[in-house]
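Visitor: In case you want the letters, here they are:
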Amino acid sequence: MNERRTILVRYDEIGLKGKNRDHFINRLVKNIQMQMKDLEGLKFKVPHGRIFIHCTQESTEECTRRLQKIPGIASVSVGVTREPEFDALAAVGVEWIEPLMQPDEKFKFCVRTNRADKSYPYKSPEIDREVGSRILGQLHSKGLEVSIKEADFILEIEIGQDETVVFYNRIPGLRGLPVGSSGDILGLISGGIDSPVALYRMMKRGCRAHGIFFDNRPFMGRGGYDKVVKLSKLLNGYQGKSQLYVVPFEDIQVAIRDHCRPAHRVVLYRRMMYRIAQAVAQQKGCLALATGESVGQVASQTIENLNAVSDVVHLSVFRPLIGMNKQEIINEARELESYDISIEPHPDCCSVFMPPRPATRAKIADLEVDETKYPWEILMLEAISKMETIALDALTV
Amino acid sequence: MIYLDNAATTPMDPEVIDAVQESMRKDFANSGTVYSLGLDSKRRLEEAEEQIRNSLGIPQNYKIIFTSGGSESNNLFIKGYGFPDRKIACLGLEHPSVTQTLESFREFGNEPVSLLDLQKEGRLDVSDLSRLKKEKVRLLCLSHVNNELGSVNDPTLILPAMAEQSPQTRLFLDGVQAVGKLKLSPAMWRGLAGYSLSGHKINGPKGIGLLVFEGKLDLKPQIHGGQQQHRIRSGTLPVPLIVGLALAIKKSVEKTEETIKNNQKLSRHLAAKLKILAEELPELNLQFNSSLSEDLSCQSPSIVNFSFAPVEGEVMLHHLEKKEIYVGLGSACSAHSKEPSKILTGIGLTPEEARCSLRISFGSHNTLADVDAFVATFGEAYSQLYSTFNRKTTHK
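Sequences listed follow chains B and W, in order.
With the first letter of the first sequence counted as 1, position 168 gets the number 168 in my numbering; the numbers rise by one all the way through.
Converting from the second sequence to my numbering requires adding 1000 to each position, the first position being numbered 1.
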């Protein structure tokens, strides 16, 4: 029963790239190999337009499960490699279709061939016909019929230069671009629902998304920190090699709380988070910032307030959730499996720091006046000097 | 490390750990089997049960059920006795495993009765219990010692008052915070319908507790299965945990007088030191939420609860944690859970006072030096946090 399986990986937008194509494919293959490095007996082949992974039947399920979590893959199919001979191909079809048929019930199928190897002497429709008629010949008496439009089962054949693969299922992948093909970014991550989704979206655009977390201890307990580490580990599972930077933020929050206008507090906190994030991004070679902000979701996310926080940085700030509503974000958090972690009840901010009436349209000139009231440059340098760096690949728990 | 949260849980007694370990090696056989190995386990169980009866003075007409802990014991008795339509009352200051269990009866159209208007300093005032009779209450559930305040509902005072004013009402006590902290009067068992306790609050193992109930009561089974434990709570019994529980009960009951004296010394010292601190720090608005009475029928000296608005309890807790001092909290200050403790608001505190509170609860390892270190660290943290929390310093 330990027959070898062939997993066929179709990549997504890489197919559209021009001269950089090889760079993107190599990156995707490397990412796949990194995620599979503990699985034994895998062999990779990269013919034109496809990636083939040869593996044992037992490791098939684990391989496909992992492939579904790697950005840049359009879909995955599990099949078997055969000689491109009609009888051998038809035998696979019979082996797969027969167990699915019910006595006294009609079952409809069709064959679809993709002939990548144009030197193969038959054209695709001819192969469809030849293989299909052989299967039909064996199972027609049991109720098998051909239907191209309403098939219960589609047997697919890929005829390549090196090998021919037969398969029937297409498992959708994450799509997008392989991580590492677009450079590193630094995402502001909290324990909430939105920011992990924002980082996830950036990963799917080929970025390696590192996280920066602003820690509220000792006003709040370690629960918030533990939650962000858990979320970051989850995200790292999709990309690998990412870091989480933890910056102590309490001194800055206390200073703003004690010296600035209450209504401006939240925007002032965020301006400091952006400034620190930019400094860390530059130190660590990240090309842009990313956040989970969405227009109008809370008082600090009005367009005026978003402008007021962007005003303190020159790096690009990516906000992949900007036009999404909360339910759409929650749906994506469920898909990412971050939702259950995000809703664990650990507070991310003490109520003492929240103003009773936050300004929804803070004016930059007013904020700048507030920022003359406390030594933000010194506090910022102090916070960065006390920053903790967590290499997420190295975390075992 | 200074651990002052013994009402949440306690460290295990090393002798209890040894007893549990030994039993884990020896008593692996299922106590429900009929070969001699299993019968040995059964004998260990019976010995443990006998030891518990002796330690707590439980009369023979009361049955014992081993559970996973206090919450399960409370659920098992209240659901088993009350289901589906017996009227049940509580003060409203009990542990959630009591109040939420009562709430669960609403789905049968059985509205629980709250006696919050009869509370005085967190205790039931027994002078007028006519509501129990008027509302045909069949079961009254109270904490023997309140888990946040340490206030005592003394069964030797409550039972006679109930017998006189509402004889058809039975009393169930949650004794989780009482065993080992107060002397249990043998007279308590006369008239009591049920009593619960938990191993981990008395330096015993987690995952084991006890329900004691009057044997003639017909409790509806909650866990169906192999019909163990009077068919009410089926499941193979964890002999090693029960052996540990029996030893923990024995040791804590034997030491009760010593514990009371030590706790009185500690709580007296804590109250005095806090009062001195309040004189030194005029901005410290100290308010004791638990009674400072030394009358053991009113207040357990194991718990001291106090408020210090405007500084929030949770923030203070984390500042103490930085110095490895661990204390308890009834409420959370987080921006997400603004709901203050129902017990503290129940005795009349404002939501702010409830949020700005801490619970100190003593264990046998605590010393006067622990209290000194706590008060000193509390004072430092308070001075540091006051300006941030004091609204008057806020810039307009």
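Fair warning: there could be bad hints in the mix.
With the Cβ distance kept under 10 Å, some of the chain B side facing chain W (calculated, not the full set) [claimed, not checked]:
(1) Trp96
(2) Leu100
(3) Gln102
(4) Asn216
(5) Arg217
(6) Gly221
(7) Gln253
(8) Val254
(9) Asp258
(10) Val317
(11) Arg319
(12) Pro347
(13) Cys350
(14) Phe353
(15) Arg357
It should be emphasised that the hints constitute simulated quantities derived from the structure, not laboratory data.
All residues carry an ideal CB built from backbone N, CA and C; glycine is no exception.
Visitor: Hint by hint, which ones does the structure fall short of?
Guide: 1, 2, 3, 10, 11 and 15
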